[in-house]
Every structure is written in structure tokens, then in C-alpha cells.
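Visitor: Each residue of the sequence shown is one higher than the one before, counting from 9 in our numbering.
In short, the hints are calculated from the structure, not lab data. Hints are all accurate, no fakes.
Below, in silico cross-link-like pairs of lysine-lysine (DSSO-like), each with a Cα-Cα straight-line distance of 27 angstroms or less:
#  : residue 1 : residue 2
1  : Lys345    : Lys355
2  : Lys283    : Lys413
3  : Lys509    : Lys190
4  : Lys251    : Lys413
5  : Lys532    : Lys73
6  : Lys336    : Lys355
7  : Lys721    : Lys668
8  : Lys676    : Lys721
9  : Lys72     : Lys532
10 : Lys336    : Lys353
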Amino acid sequence: MRKLFSLCRASIGLFALACAAGTVRAETNLVREPETPQEPSASHWSFVPLRAPAVPERRQLRHKKRVRNQIDQFIFKRLQDAKLEPARTADKMTLVRRAHFDLLGLPPSPEETAAFLADTRPGSWNRLLDRLLESRHYGERWGRHWLDVARYADSGGYETDIYYRNAWRYRDYVVDSFNRDKPYHIFVQEQIAGDEIWPDNLDLDPRKVYKVSPEKRRHLEARIGTGFYTLGPRVHESGLDAKRLNYETLIDWADTTASAFMGLTLGCARCHEHKFDPFTQADYFALQAVFAAAREVEIPLWTAMEEADWRQAYPRVIAVERARRAYKLFEASHEGKTLTPEQAKQKQDLLNAIAQSVIALPQRAAGQFAVDYAGLMHQPTARVLGRRHPALIPATHLLIRGELKTPGKLMTPALPAALANTTNTPAALARPFGSRKQLALWLTRPDHPLTARVMVNRIWQWHFGRGIVETSNDFGKMGQPPSHPQLLDWLATHFVADGWKIKNLHRLIMNSAAYRRSSRLAGKRHLLEDPDNRLLWRANRRRLEAEALWDAVHASSGTLNRDFGGPPVVPPLADDEIASLREKWHWTVSADPAQHTRRGIYIMVRRNFKFPMFEVFDTPITSVSCPVRDVTTVAPQALWSLNNNSVIRQATQLAGRVVKEAGREPVKQVQRAWQIVLSRPPSAEESRSALQLLESLAGTSQAELESPPEALKTLPAPQRRALAKLCLALFNLNEFAFVD
9 MRKLFSLCRA
19 SIGLFALACA
29 AGTVRAETNL
39 VREPETPQEP
49 SASHWSFVPL
59 RAPAVPERRQ
69 LRHKKRVRNQ
79 IDQFIFKRLQ
89 DAKLEPARTA
99 DKMTLVRRAH
109 FDLLGLPPSP
119 EETAAFLADT
129 RPGSWNRLLD
139 RLLESRHYGE
149 RWGRHWLDVA
159 RYADSGGYET
169 DIYYRNAWRY
179 RDYVVDSFNR
189 DKPYHIFVQE
199 QIAGDEIWPD
209 NLDLDPRKVY
219 KVSPEKRRHL
229 EARIGTGFYT
239 LGPRVHESGL
249 DAKRLNYETL
259 IDWADTTASA
269 FMGLTLGCAR
279 CHEHKFDPFT
289 QADYFALQAV
299 FAAAREVEIP
309 LWTAMEEADW
319 RQAYPRVIAV
329 ERARRAYKLF
339 EASHEGKTLT
349 PEQAKQKQDL
359 LNAIAQSVIA
369 LPQRAAGQFA
379 VDYAGLMHQP
389 TARVLGRRHP
399 ALIPATHLLI
409 RGELKTPGKL
419 MTPALPAALA
429 NTTNTPAALA
439 RPFGSRKQLA
449 LWLTRPDHPL
459 TARVMVNRIW
469 QWHFGRGIVE
479 TSNDFGKMGQ
489 PPSHPQLLDW
499 LATHFVADGW
509 KIKNLHRLIM
519 NSAAYRRSSR
529 LAGKRHLLED
539 PDNRLLWRAN
549 RRRLEAEALW
559 DAVHASSGTL
569 NRDFGGPPVV
579 PPLADDEIAS
589 LREKWHWTVS
599 ADPAQHTRRG
609 IYIMVRRNFK
619 FPMFEVFDTP
629 ITSVSCPVRD
639 VTTVAPQALW
649 SLNNNSVIRQ
659 ATQLAGRVVK
669 EAGREPVKQV
679 QRAWQIVLSR
689 PPSAEESRSA
699 LQLLESLAGT
709 SQAELESPPE
719 ALKTLPAPQR
729 RALAKLCLAL
739 FNLNEFAFVD
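Input sequences plus hints: build the corresponding full structure.
Guide: Now the structure itself:
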């Protein structure tokens with residue numbers, strides 16, 4: 009003990025000497041204004057204004073005959089410089105499955121595969137792409153990608169995990185935007201400032217409301233786009249004060265705006281100057297000030313014309329309601345009694361009053377909004393951004409070390425200084441309203457250094473499994489540099505010049521030789537020189553995401569409900585899964601069983617409880633923007649695929665589909681099962697092994713199947729059990745869960 013005391017005393021003495029010598033600087037002012045970064049990096053490649061680079065000359069490429077478009081000229085040039093040979097082109101069966109999963113998130117049917125293989129005319133690939141891009145399932149697939157970026161969820165998270173009853177309207181807005189091929193710059197503008205760029209027209213003169221042009225109706229959709237900000241994580245615990253709640257909301261809005269649209273980690277400048285990028289705390293809190301005048305509001309989903317109808321009809325609706333109540337009261341008081349002539353007349357008068365009040369409601373021509381009682385009393389709403397009253401707009405301060413209790417100077421709305429200098433930007437943003445509009449218009453300028461680069465990179469990533477810049481939400485100095493910087497800039501400038509059209513970008517990418525390559529090895533040297541395939545000498549083999557895997561299982565079994573849009577679906581859970589719920593009412597199963605097999609994008613997304621199958625297959629955390637999903641390989645994935653009751657039921661349904669389409673002959677059943685599940689016929693060895701497995705399983709004692717489909721009941725019990733087991737085995741193949 010005495011030795012320990014002496015050691016401590018010696019340590020204190022050394023510390024005191026160090027302080028006296030200046031080795032350790034005493035902090036005299038713990039609350040101080042931050043310093044300016046010493047080495048600004050505004051010349052970083054991603055902050056340089058967008059310019060179209062020169063395309064490598066085709067005639068100088070060794071594989072010039074394999075070049076299909078400009079993308080290949082950039083990629084073949086890099087491969088040629090690295091002395092790597094590209095893999096061969098994939099076969100048509102591989103390509104049709106790849107295209108279907110990439111654009112729709114669904115497997116091709118055997119008929120669709122056969123039609124593509126049989127189409128030997130020039131342009132068959134382009135015809136396939138056109139058909140897939142026109143499918144409404146395209147928006148579901150690519151909308152789901154964007155929802156990761158938008159940190160979409162149907163609940164607020166934290167302790168209460170409060171349910172957002174209208175978040176799904178933003179989800180449907182995203183799906184519809186992709187299906188309609190909405191230009192990306194409009195998509196961005198609507199989400200950031202749809203209410204300011206296209207202000208609502210509910211205050212128009214009702215006497216002139218029928219002359220409103222169709223263009224002014226689009227304000228409603230634009231306002232739903234601002235739901236991007238209302239569906240983030242929210243603390244609703246009662247102990248949180250209003251200032252803290254507002255601050256946490258502004259943090260979410262500023263951070264998500266920077267990461268989703270600019271690919272920046274601007275949130276790193278909240279507590280101190282950004283350590284690596286040229287952004288200061290002032291930049292961060294100036295961006296928060298852009299959103300200070302906004303608040304979350306609930307709006308009715310009707311336009312100005314419908315609002316005018318409502319105002320005119322409301323007194324008459326009240327008359328309808330009064331007449332209905334009077335009639336109900338009369339019915340209740342005379343139930344089971346014989347009416348006198350006077351009472352019968354009174355009843356008829358009440359019915360006439362209802363009829364007359366309904367007739368008095370205003371009507372419209374077919375195809376337009378018609379006021380009715382039910383419609384007025386149950387109007388849908390959406391949660392979007394609106395304006396605060398000017399007197400209630402909170403001041404935004406630069407918070408020292410990001411703490412509310414240490415406010416610094418007052419901030420006004422402004423753009424990040426390092427980026428504002430690279431484009432033609434306003435000297436000052438509007439106050440108190442209009443700054444979000446200016447932010448949105450600045451972000452979507454054709455020469456903006458980040459917006460087009462970031463989105464083009466995301467689209468490339470969702471096609472190839474990896475972006476040209478691997479860190480899709482970090483285009484700063486700590487992010488990965490682009491593998492093909494000139495290609496990225498060429499794609500971004502082409503994207504902007506082409507009207508920011510995403511579907512045209514799909515066509516460009518998917519028509520390249522790079523996209524159509526096989527995933528097979530081109531040589532052992534490639535794995536040594538470029539093991540991660542950054543130079544794209546072959547296609548990347550990718551596992552299906554959780555939602556796509558769910559969709560593929562149900563599409564293969566024939567049970568997929570392809571209904572479009574609407575409130576989130578809540579499928580049933582197993583008993584052990586229910587036990588993990590914090591509150592049972594957090595997962596109230598949808599009453600209609602037909603809804604339980606909807607596409608994965610429509611399944612409820614709770615922040616405090618992930619749908620178990622989705623959690624096993626790496627669905628993202630929704631508290632922040634997700635640039636890239638993790639891909640793990642863990643034991644619960646195999647356990648789910650092999651033992652989960654829902655998968656077993658789908659395998660049974662698949663067996664029924666196979667019997668219905670192929671008949672009772674085992675050879676044809678095997679052929680059909682392979683075509684449905686794997687989009688190809690079985691090899692001779694696979695067919696022989698499958699037939700042996702069917703014969704072996706039919707001879708073993710097994711429990712009877714649960715609710716087999718009618719077609720499957722035509723087989724003897726041992727054979728139908730064997731076929732269901734074979735179908736379950738197909739669902740467990742890597743080939744089913746991966747896309748080559």
C-alpha cells in the first residue's frame with residue numbers, strides 16, 4: 009500500500025512538472041468558438057464542378073469489337089492498362105434472370121424465359137429491357153432501393169416506437185415516381201421543398217376554382233414528397249423538452265439531406281470542424297437553419313377544386329348526418345312495433361329528408377371528384393412539411409461541441425461555403441421561408457459537383473453490387489476514391505444532359521458489355537491482380553436482398569399477391585418470434601390472409617422490431633440513411649430457409665403448382681420445378697439425382713402436409729410429400745438466392 013501511495017504521488021508530481029513545462033496545455037476556456045480547418049480540401053475530386061471528360065478512342069482498344077457503348081470504352085481502357093482480359097459474355101438464360109431481378113426484383117416465369125430465348129431477332133435484349141422498364145413492378149424494386157437511402161420506416165423508434173399511420177404514402181410516392189420515370193432533379197426538388205417550389209393552391213377563390221389548370225394539381229404530389237423528412241426516427245418520450253426534440257429533428261434532417269443527396273458526412277461537423285473535409289460547424293448549423301422554419305403537418309389529400317367542393321358541401325353533409333340520425337332514432341324507438349298511419353308517414357318523411365339532402369350534394373362529371381358523405385367524413389391525409397408561424401420559428405445557433413446548453417453565434421440559412429464557391433449560388437438564402445427551395449434548386453443545377461455523381465453512382469451500385477465509389481454516402485476525403493473517375497464524370501454529365509432520366513440510364517448501363525459479362529473466372533491472375541473485381545473484368549455474383557428473396561419464394565410458389573400500394577402489411581409470426589416483441593400491439597397481423605403474401609416492400613417496417621426473416625437477411629437499420637446493405641452469412645439464414653413454417657408452406661404451394669403445370673409424371677415435374685425456381689432446365693445429372701430423391705423420400709414415413717393445394721392432392725400422399733421436400737430443397741440452393 010505504501011509503495012502504491014508513493015507511485016501515485018510520483019505520478020502527480022510528473023504531471024505537475026509537465027504542465028509547468030508546457031507539455032500539457034491547461035484548458036482555460038472550455039467553451040470557445042471552433043477554429044477554422046487548417047487545410048481546406050475544396051479541390052478534392054468530388055468538389056470540382058462537373059465536366060464531361062474525353063472518351064477513350066475505340067480504335068486504340070484491344071477488344072474494340074466487344075465495345076457496345078461508351079461505358080465499355082472507359083472500362084476496356086482500364087483493363088487494357090492493367091493487362092487483364094475480360095470474361096466472356098454471359099448466356100441468354102443468365103442474362104434474362106439477371107435483368108428480371110435487377111429491374112423488377114422478381115424471377116422470370118418459364119414462359120418469359122422461353123420467349124426471350126426464342127427471340128433471335130436483332131434487338132431482343134432492348135425489347136426485354138423496354139418491357140421490364142414499363143412494368144409497374146419496376147417502381148417497387150427501385151423504390152425499395154431509394155427507401156434505404158431515405159431511412160424509411162413505419163414507426164418512430166426509441167422507447168415508444170410510435171406508429172406513423174401515413175408514412176406509406178411517401179413509399180407509394182417513391183414507387184410511382186420511379187414508374188413514371190420522373191426526372192431525378194424534380195424528384196430531389198419535391199422531397200426537399202415541394203411545398204415551396206410548388207406552393208399549394210388551397211387558398212384560391214372558390215368561385216374560380218373550376219378554371220384551375222392541371223399543372224397546379226401537381227402541388228399535392230410534390231408535398232407528399234416532403235414526407236422524406238417526416239418519416240425519420242423521432243423521440244416521443246414525455247420527458248423530452250421541446251427544444252431538444254426540435255434539435256434532434258433538425259439533426260436528422262440536415263444529416264440525411266447531406267448523405268442522401270450530396271453523399272457527404274456533414275454530420276461530422278456538428279460537434280467540431282470536419283476533420284477531413286472543408287466543412288465547418290458554421291456550415292452545419294447554417295444547413296440546419298435552412299429547415300428551421302419547417303414543421304411536420306398533416307394535410308388532406310385533395311386539391312383546391314376538391315377543397316372548394318368540401319367547403320360548399322359541408323353544410324349539406326351536416327344536413328345528411330342530422331337526417332340519418334333522426335331516422336336511426338325513430339327506428340330504435342319503434343323496433344318490433346306496428347306503426348300507426350301517422351308513424352308510417354313520419355318514417356317516410358324522414359327517408360325523404362335523407363334523400364333530398366343527399367341529392368343536394370354537388371356532383372361532378374365522370375372522372376372528376378364527386379362529393380359524397382363517406383368521402384367527406386373519411387378523407388385521407390399525409391404527413392408532410394409545412395411552415396411554422398413566423399413568430400414561432402426557433403432561432404438557430406452554432407452550438408459549441410454540439411450541445412444545446414452552449415449556444416454560440418446566431419446562424420442564418422446558408423449553403424456549405426466550400427461547395428457554394430463551385431457553382432453559381434445565391435449570395436444569401438431567403439428568410440424566413442424559401443431557403444429550402446433555394447437549396448433544392450442549387451442541388452439540382454447541372455454543374456453541381458455532387459448531386460448527379462452521387463445518384464449515378466447509386467444506380468451503378470444497384471446494378472453491379474458495388475459503386476464506382478464504394479462509399480456511396482461519403483464522397484469526401486475519407487471515402488473510397490472512384491475506381492473509374494472519368495467514367496463516373498461521363499455518366500453524370502450524360503445523365504444531366506439526358507434530362508436526369510433514370511430509365512435511360514438503365515438502358516445505357518445494361519446495354520454495355522460490362523453489364524452483360526459472365527461472373528465466371530477469366531483466369532487465376534485476375535484474382536491476384538484485382539481480387540475485388542474493381543476493374544469489372546467479370547460480373548459480380550450477388551445475393552438477393554431480404555425483400556427480393558421473400559418475393560422470389562412467393563412468386564415461385566404462385567402465391568405472390570401483386571396488389572399495388574396501400575398501408576403496410578403485417579404478416580403473422582411464429583410463437584417464438586412473437587415472444588421477442590416489446591408490445592404485442594406493435595405487430596397487429598393484417599386481418600385479410602391474402603395480404604400476408606404481398607411484396608416485401610409493403611411489409612411493415614418498425615424501427616424497434618424487424619420482420620424476423622428480413623432481419624436474418626440483413627435488412628438495414630433505419631435510423632440513418634443506408635448507402636449499402638451488409639451481406640452476411642450466418643446460421644439463422646439456413647435455419648430459416650430449411651425449417652421456417654412459412655417457407656415450408658410455400659414449398660408445398662410450389663409442389664402444387666408443379667403438379668398443376670406439369671402433371672403427375674416425375675420427370676416432367678422435375679423439369680418444371682427447375683424452370684420455375686432457377687429459370688433453367690436441370691442438367692442430366694441434376695434430373696437423375698432429383699428423381700432418385702423423389703423415389704427415396706416417397707418410401708420414408710413422413711407427417712402429412714399442412715393444407716396441400718388441390719392439384720397436389722391428386723398425388724398419393726407419399727409422392728406429394730416427396731415433391732414438397734424437393735421444392736424445399738430448391739429454395740435452399742445457393743443458385744436460388746444468388747444472381748449471376
